[in-house]
Amino acid sequence: MVTPVFQISDYPQAVAFYVEWLGFSIDWEDRPASGGYYFQISRGNIVLHLTTYQHESCIGGRAIAEFTGLPAFHRLLLQKEASFPTPPLRKTTWNDKVMQLELFDPAGNCLVLAEVCA
Numbered sequence: 001m002v003t004p005v006f007q008i009s010d011y012p013q014a015v016a017f018y019v020e021w022l023g024f025s026i027d028w029e030d031r032p033a034s035g036g037y038y039f040q041i042s043r044g045n046i047v048l049h050l051t052t053y054q055h056e057s058c059i060g061g062r063a064i065a066e067f068t069g070l071p072a073f074h075r076l077l078l079q080k081e082a083s084f085p086t087p088p089l090r091k092t093t094w095n096d097k098v099m100q101l102e103l104f105d106p107a108g109n110c111l112v113l114a115e116v117c118a
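When we follow the UniProt record's numbering, the leftmost residue of the sequence shown carries the number 1, and every step to the right adds one.
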């Protein structure tokens, strides 16, 4: 398993985006007394690490994950009231049978959800 590490700048904003809007769960957190955050989130088989530590990652990361039920998930996001824009669900440029959803978090990281559709 490969686990992407995304740098975030604001913990509450990251939680609002990944947990409240996208439905991830926080699996564990490391909050040292000296400050900062490093935590793991997951949704199904997608696992990400998020951190405020600059030496652990870089802003503008990108990860692609297979996702089952992408059209239904996209409709769910469209129905939610959130301050995050719901991007369009579209076919990829490299395979017209693969749909993808590019989700940019508040720190500029991109999580791409992709599903092969008939």
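Do not take every clue at face value.
Label pairs and their computed distance ranges (CB to CB) [stated by the list, open to error]:
id	residue 1	residue 2	range
1	Asp-96	Ser-9	18 to 24 Å
2	Ile-59	Thr-86	36 to 42 Å
3	Cys-110	Ser-42	28 to 34 Å
4	Thr-92	Asn-45	32 to 38 Å
5	Asn-45	Glu-102	16 to 22 Å
6	Asp-96	Asp-27	21 to 27 Å
7	Arg-90	Cys-58	25 to 31 Å
Hints are computed from structural coordinates only; laboratory data are not their basis. Backbone N, C-alpha and C fix where the C-beta goes; we use that ideal spot for every residue, glycine too.
A quick look at each hint next to the structure:
no.	hint	result
1	Asp-96 <-> Ser-9: 18 to 24 Å	violated, 37 Å
2	Ile-59 <-> Thr-86: 36 to 42 Å	violated, 22 Å
3	Cys-110 <-> Ser-42: 28 to 34 Å	violated, 18 Å
4	Thr-92 <-> Asn-45: 32 to 38 Å	violated, 20 Å
5	Asn-45 <-> Glu-102: 16 to 22 Å	holds, 19 Å
6	Asp-96 <-> Asp-27: 21 to 27 Å	violated, 35 Å
7	Arg-90 <-> Cys-58: 25 to 31 Å	holds, 27 Å
Violated hints for the displayed structure, listed by number in ascending order: 1, 2, 3, 4 and 6.
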